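Peer 1: Sequence:
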Amino acid sequence: MDALFAKEKFDRVVHLAAQAGVRYSIENPHSYIESNIVGTLHILEGCRHHEVEHLTYASSSSVYGANTNMPFSIHQNVDHPLALYGATKKANELMAHTYSNLYNLPTTGLRFFTVYGPWGRPDMALFLFTKAIMAGEPIKVFNNGQMLRDFTYIDDIVEGVVRLLDKPARANSQWDSNNPDPGTSPAPYRLFNIGNNNPVKLLDFITAIENALGKTADMEMLHIQPGDVAATYANVDDLEDYVGYRPATPTEQGIANFVDWYLDYHQVQT
1417 MDALFAKEKF DRVVHLAAQA GVRYSIENPH SYIESNIVGT LHILEGCRHH
1467 EVEHLTYASS SSVYGANTNM PFSIHQNVDH PLALYGATKK ANELMAHTYS
1517 NLYNLPTTGL RFFTVYGPWG RPDMALFLFT KAIMAGEPIK VFNNGQMLRD
1567 FTYIDDIVEG VVRLLDKPAR ANSQWDSNNP DPGTSPAPYR LFNIGNNNPV
1617 KLLDFITAIE NALGKTADME MLHIQPGDVA ATYANVDDLE DYVGYRPATP
1667 TEQGIANFVD WYLDYHQVQT
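The opening position of the sequence shown corresponds to residue 1417 in the numbering used here, with each subsequent residue numbered one higher.
The hints are simulated quantities; they were obtained by calculation from the structure and are not laboratory data. Every value quoted in this text rests on a predicted model; they were computed, and no experiment measured them. Be aware that a few hints might be false.
[What the hints assert, rightly or not] Straight line, CA to CA, 30 Å or less: simulated BS3-like cross-link-like pairs of lysine-lysine:
# : residue 1 : residue 2
1 : Lys1423   : Lys1583
2 : Lys1617   : Lys1556
3 : Lys1631   : Lys1617
4 : Lys1425   : Lys1583
[Said to hold, decoys possible] Computed spacing ranges between beta-carbons, pair by pair:
#  : residue 1 : residue 2 : range
5  : Gln1685   : His1491   : 26 to 36 Å
6  : Ile1453   : Trp1591   : 42 to 52 Å
7  : Pro1554   : Asp1676   : 17 to 27 Å
8  : Lys1631   : Pro1538   : 34 to 44 Å
9  : Gly1561   : Lys1423   : 42 to 52 Å
10 : Pro1554   : Arg1586   : 49 to 59 Å
11 : Asn1485   : Asn1594   : 39 to 49 Å
12 : Asn1493   : His1458   : 40 to 50 Å
13 : Gln1685   : Asp1597   : 50 to 60 Å
14 : Lys1631   : His1446   : 17 to 27 Å
15 : Asn1517   : Asp1676   : 16 to 26 Å
Glycine residues also receive a C-beta, built at the ideal position from the N, C-alpha and C atoms.
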């Protein structure tokens, strides 16, 4: 990694690599420490030693953990993660802050909310649901489909990342150590939510997939899984104030886009 930084002399870095997923972090915790903690350290060290102008990195809505004050705000404390995945993402934010403080490295952490769309991970619900519905197989629906998720279309995520990359984090001159704001700092450090700001019930998400496919899902209703949260909902006011942007792709449109891509990519005949 150090050789890569030395050779390429990056001006800015977007760090999106990680071991993702809440449930798998329960099965294989070591993978999360190796990828998310040690891997991020290598990125931070590369940025520090090679004068990178701005590091933008992926955090996650999972850092909100046991928080229930909706919508989630970057100005809330996030000290109670419910799974190791969320804990590693919170750790990434803390690691970034120390580098911003010690080395004046501008860092911006982006808390993504349930990203979906073409070219996503095949272990994600949208892929699993679409594949099973097409095959006439049952899908596993946790928490009896009552979970709320702030599903965010991939194009909206990319737009937010690019806009923030071009606007490096700045120190908050008004930061008060007696009333510390978790989302900013006297160092060049910022956090932002990138979410659709419109929670959708899982059952409605499945209905949108059914409509796009023209097929009905066979649903196996199950209890909520350990480490899962019942709802996510992003407050994106800070994102809009900082870069003039807020995600807005309707779930129905995003799923229709995904299904069109999925059928074409896999050459599936409906």
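Peer 1: In this structure, is the beta-carbon distance linking Ile1453 and Trp1591 contained in 42 to 52 Å?
Peer 2: At 26 Å between Cβs, range violated.
Peer 1: Mind checking the alpha carbons of Lys1631 and Lys1617 for me, to see if they're no more than 30 Å apart?
Peer 2: Holds. Lys1631 to Lys1617 sits at ~19 Å (cutoff 30 Å).
Peer 1: With respect to the beta-carbon atoms only, verify the hint that Pro1554 and Asp1676 lie 17 to 27 Å apart.
Peer 2: Since the Cβ atoms of Pro1554 and Asp1676 sit about 24 Å apart, the hinted range of 17 to 27 Å holds.
Peer 1: Quick one: are Gln1685 and Asp1597 within 50 to 60 Å, going by C-beta?
Peer 2: 54 Å, holds
Peer 1: Holds or violated: Lys1423 with Lys1583, Cα cutoff 30 Å?
Peer 2: Holds: Lys1423 and Lys1583 sit about 25 Å apart, inside 30 Å.
Peer 1: Is Lys1425 within 30 Å of Lys1583, Cα to Cα?
Peer 2: 19 Å, holds
Peer 1: Does the Cβ distance between Lys1631 and His1446 fall inside 17 to 27 Å?
Peer 2: Cβ of Lys1631 to Cβ of His1446: about 39 Å, so the range 17 to 27 Å is violated.
Peer 1: Within a Cα-Cα threshold of 30 Å, do Lys1617 and Lys1556 meet the stated pairing?
Peer 2: Within the cut-off at roughly 15 Å; holds.
Peer 1: Honestly, do Gln1685 and His1491 meet the 26 to 36 Å range at C-beta?
Peer 2: 50 Å, violated
Peer 1: If I claimed the Cβ atoms of Pro1554 and Arg1586 lie 49 to 59 Å apart, would that claim hold in this structure?
Peer 2: Once the Cβ atoms are compared, 51 Å apart, the range 49 to 59 Å for Arg1586 and Pro1554 holds.
Peer 1: Lying within 42 to 52 Å: is that true of the beta-carbon distance Gly1561 to Lys1423?
Peer 2: 50 Å, holds
Peer 1: For Asn1493 and His1458, compare the CB-CB distance with the range 40 to 50 Å and indicate the outcome.
Peer 2: 28 Å, violated
Checked against the numbered hints given earlier, the structure breaks hints 5, 6, 8, 11, 12, 14 and 15 and satisfies all the rest.
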